[in-house]
Structure formats: structure tokens, C-alpha cells
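J.: Which chain is which? The protein sequence lines are A and B, in order.
When you line the first sequence up against my numbering, it's residues 43 to 336, in that order.
When you line the second sequence up against my numbering, it's residues 67 to 229, in that order.
Simulated from the structure, these hints should not be mistaken for laboratory data.
Do not rely on the hints blindly, as some may be mistaken.
Pair ranges (Cβ atoms, derived) [claimed, not checked]: (1) THR115(A) <-> TYR156(B): 51 to 61 Å; (2) LEU137(A) <-> ASP93(B): 34 to 44 Å; (3) GLN244(A) <-> ILE195(B): 41 to 51 Å; (4) ARG74(B) <-> LYS122(A): 36 to 46 Å; (5) ASP93(B) <-> PHE63(A): 49 to 59 Å; (6) TYR156(B) <-> ILE282(A): 50 to 60 Å.
All residues carry an ideal CB built from backbone N, CA and C; glycine is no exception.
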Amino acid sequence: MQPLFLQGPSVTLRAILLVVFSIVIMVADHRWHALETVRGAIESYVVYPVRYTINLPSRFVDWGNESLSSHETLLDDNRKLREQQLRAQVSLQKLSVLEKENDRLRKMLSAQPKVGEMVLVAEILAIDLDPYKQQIVLNKGSNKGVYIGQPIIDAWGVMGQVVHLGMFSSTALLISDPSHAIPVQVNRSGLRGTAFGSGNSQLLELPYIPHNADIEVGDVINASGLGGRFPPNYPVGRIISIDRPAGESFATVLAEPVAHLTRSREVLLVWHKKQVKDVPAPATSEKNPKQAKP
Amino acid sequence: MASQNCFRIVIPTLIMALMLTMWPLPDWLEYARPEWVVLVMIYWALAMPEQVGVTVAWVVGLFLDVSHGAIIGQHALGLVVVTYVISTQYQRIRVFSLAQQALVVLLLLLVKRLLVLWVDGMVGTAPDIGWYFLPALTGAIVWPWLFIVLRDLRRRFTVSRNF
Numbered sequence: 043m044q045p046l047f048l049q050g051p052s053v054t055l056r057a058i059l060l061v062v063f064s065i066v067i068m069v070a071d072h073r074w075h076a077l078e079t080v081r082g083a084i085e086s087y088v089v090y091p092v093r094y095t096i097n098l099p100s101r102f103v104d105w106g107n108e109s110l111s112s113h114e115t116l117l118d119d120n121r122k123l124r125e126q127q128l129r130a131q132v133s134l135q136k137l138s139v140l141e142k143e144n145d146r147l148r149k150m151l152s153a154q155p156k157v158g159e160m161v162l163v164a165e166i167l168a169i170d171l172d173p174y175k176q177q178i179v180l181n182k183g184s185n186k187g188v189y190i191g192q193p194i195i196d197a198w199g200v201m202g203q204v205v206h207l208g209m210f211s212s213t214a215l216l217i218s219d220p221s222h223a224i225p226v227q228v229n230r231s232g233l234r235g236t237a238f239g240s241g242n243s244q245l246l247e248l249p250y251i252p253h254n255a256d257i258e259v260g261d262v263i264n265a266s267g268l269g270g271r272f273p274p275n276y277p278v279g280r281i282i283s284i285d286r287p288a289g290e291s292f293a294t295v296l297a298e299p300v301a302h303l304t305r306s307r308e309v310l311l312v313w314h315k316k317q318v319k320d321v322p323a324p325a326t327s328e329k330n331p332k333q334a335k336p
Numbered sequence: 067m068a069s070q071n072c073f074r075i076v077i078p079t080l081i082m083a084l085m086l087t088m089w090p091l092p093d094w095l096e097y098a099r100p101e102w103v104v105l106v107m108i109y110w111a112l113a114m115p116e117q118v119g120v121t122v123a124w125v126v127g128l129f130l131d132v133s134h135g136a137i138i139g140q141h142a143l144g145l146v147v148v149t150y151v152i153s154t155q156y157q158r159i160r161v162f163s164l165a166q167q168a169l170v171v172l173l174l175l176l177v178k179r180l181l182v183l184w185v186d187g188m189v190g191t192a193p194d195i196g197w198y199f200l201p202a203l204t205g206a207i208v209w210p211w212l213f214i215v216l217r218d219l220r221r222r223f224t225v226s227r228n229f
């Protein structure tokens, strides 16, 4: 028979110590990002295996679908993809000419030449970490040279950036998260601004735009590249509404992201600028060098 | 003996709970997903307060933080507080009926979510309150069934004599 109150004070003491310690590490994590290695270790050795196991059934179904799809379907797909590739090739030809021209002009102006970019395809492992956060988990981590702050894009536009890193996986914050902001530029007029996430995956907010700014519904906004985190000129969104309330100093400008934030299955991790040098031996099958857009 | 034995069943159930937490659900169901890990922690703290206490809860909370992409320590803090209440009051809560226990669980889940919400609010990313406390309610609703399942599991593995 155990004495009833043997561990009374010690539990209280331990609880108080742990609460204080929790608060300390929360500050350390939020303010100074001092715990990224701890997070990476837990992500790699505890969370990733669990996530991988959860994904097994859907992987199996995918694999089954692929193996069982008929010969005709595959041929059809193949034909379509070939066609698409041809089209892409044609527009790429034009692009390469433009790029050369751009390079020449830049040289004539003795301006900084554009730096090439590298991309790596990553698959989305999980999307619903927390229904109140706009984060996704990708299946590429530090073992592929992914780094914190790395931009991610899809075929349509900028999606977000990597915020946490594990060995085999990484967590990315989408541009629609309320804690995310991206420097942008209106394609048509060159007007600069910042697009904040709204918590709604279909909506971005552009505060601090003056009433008389040259901006219209339908304008495309691109990443401006200011701040150096996102590569310039990738499309971010399209303006869907502008409200200029009398008496307020700024207009209320809303945009919708052009990237398929909720529908993409694969995303691209982009290396640009100096980070290109730091990338360890690239996996040749997946990584293809890509020149910056003119 | 008992303490060596007990983690043979505690750890698998906690892993199962973590899997249920991360299992992909349709959007509308997402907002009602019970906090499985907290519920399972409550059960083990109730059944084996000597072995499963605040320290275990804190470590499990860290795993939960990483899996949710939250600030490290956020869920850990909530879990420590919840488990502390159980560790000090388990003798009282054990004799409650299942319905009464569900009420206690509801209260604890509310406290835990409130703590997490406070931290979110302090760093400036507090979500809409709208359905925020719904998981506490669904958690209390599933508690009786979870309790019975875990009790049977524990008896099969005979990890604790009492309760």
C-alpha cells in the first residue's frame, strides 16, 4: 500500500518548473528562433515517421491506380503531354532569344547580370497541420539542401516559403497565412506594395495603398524581389477588389493568389541568388537548372 | 516491474493518438477533430499517475507542437497544466461516473485550448474564435468510448493493478 500523499509537493514543483520552462522556450523559439535544431530533430525522428505511415495508404492507392490504368489511357496521356511539351518548347525558344537580348542590353548598360535559378520538385505530404494555420509539409528536407526561408512556387505562381526544416521534410508557410507578408509590385504600373495573408486561402490583402495609386481590378501583382527572399517577377496574385472609402487614408485592396494554394500536389523549391552555391550535390534526375525570367 | 511494463501500451496508444491527430480529414470535419493526444494523456494520467505525469505530458506536448507547426512549448504548456490537474485530483475523478468524467474532460480541454489561444494571441496570430472551442466539445463526447477502449487495452496488458 502506498502512502497517499507521497508525491504531492513534488508534482506541483515539477509542474511549475515545466510551465516556467515552457514559457522560456516559447520565447526562445518565437523571438530568437533558437530551437530550430530541436524542432528539426523532433520533426525528423518522431513526426516524419508518423506522417509517412499515414501517407502509406494513399501512396498505395496512387500506385494501384497507376499500375491498373489501361494501356489506352497511358497512350492518351502520353500524347497529350508530348503536345504540351512541344508547345512549351516553342514558347521557351522565344524566351531564350529574349533572354539573350536582355543579357546583351544589360551588358551595354553595365548592369548586374541576372543570376540563374535552380528548382527542385517536392511533393506535399500534409496540408492540415492546424485548421487555423496555412502551412504545408513537403517531402524534401535538409538532406536535399532545402534551407529556411526558401521560396516555394507552383506552376502558376508563388506559394510561400519554408519556415521549419527536418531532415526528410520541411514545413512551409503559405502566402495566405495571416503571419505572412510578401513584397510585391503591380505588373502594369510598377507600383510597389506588400501582400499580407488573410487566413483565407483565396484572399490576400494589400494595405497602405494610397487612394490615388495607379492600381485597377484585374492587375497582376508580381514578387518584387525586395528583401531578397523571393525571386523577382514571379506572379503572386490578381487584384479582385479595390475600395476607396472616403475619410480613410488608404484604399482597401484585395487580391487572390494565382498559385493553386489548395489544389497543388507538387510544388517547386527555388534556389536563387547566392544560395545556389551552397547547394550540395544536386540530384540530377529532379533538378534542372533554369534561367531567371527576363 | 509495473513501470517497465506500462510503457509497452502507453507509447503505442500515444502514437496512435498522434496519427489520428495528423490524419487528413475533409475541411469541415477538421474544425471538430478531437484532441486525441490530450485525451489519451488524460486517460493515462488518470490510470497510472505514478508513471505518467507532467514530465511525460511535457515531452508529448513538444511532439504535438512540432506536428502542428506551433511555437515550441505551446501545446506542451497546455498538456502540463491539464496533466497536473489530473495528477493531483485523480482519486476524486476516478470515482466519477463516465458522464461526470466527460464534464471534467470538457473543462480541461477548454482550459488547454484557452492556453494555446492565449499564446497565439500574444504573438499576434490569434484565429477567429467562431468554432475554436468545438474540439473540446467533441473531445468530451468521445471520452466515454475512448475510456472504455483504453481501459480494456490496459486490462489486457495488465499494466496496473488498481483502477
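J.: Take the hints in turn and mark each one as holding or not.
T.: So, going through the hints one by one against the coordinates:
no.: 1; hint: THR115(A) <-> TYR156(B): 51 to 61 Å; in the structure: 60 Å, holds
no.: 2; hint: LEU137(A) <-> ASP93(B): 34 to 44 Å; in the structure: 38 Å, holds
no.: 3; hint: GLN244(A) <-> ILE195(B): 41 to 51 Å; in the structure: 21 Å, violated
no.: 4; hint: ARG74(B) <-> LYS122(A): 36 to 46 Å; in the structure: 54 Å, violated
no.: 5; hint: ASP93(B) <-> PHE63(A): 49 to 59 Å; in the structure: 36 Å, violated
no.: 6; hint: TYR156(B) <-> ILE282(A): 50 to 60 Å; in the structure: 55 Å, holds
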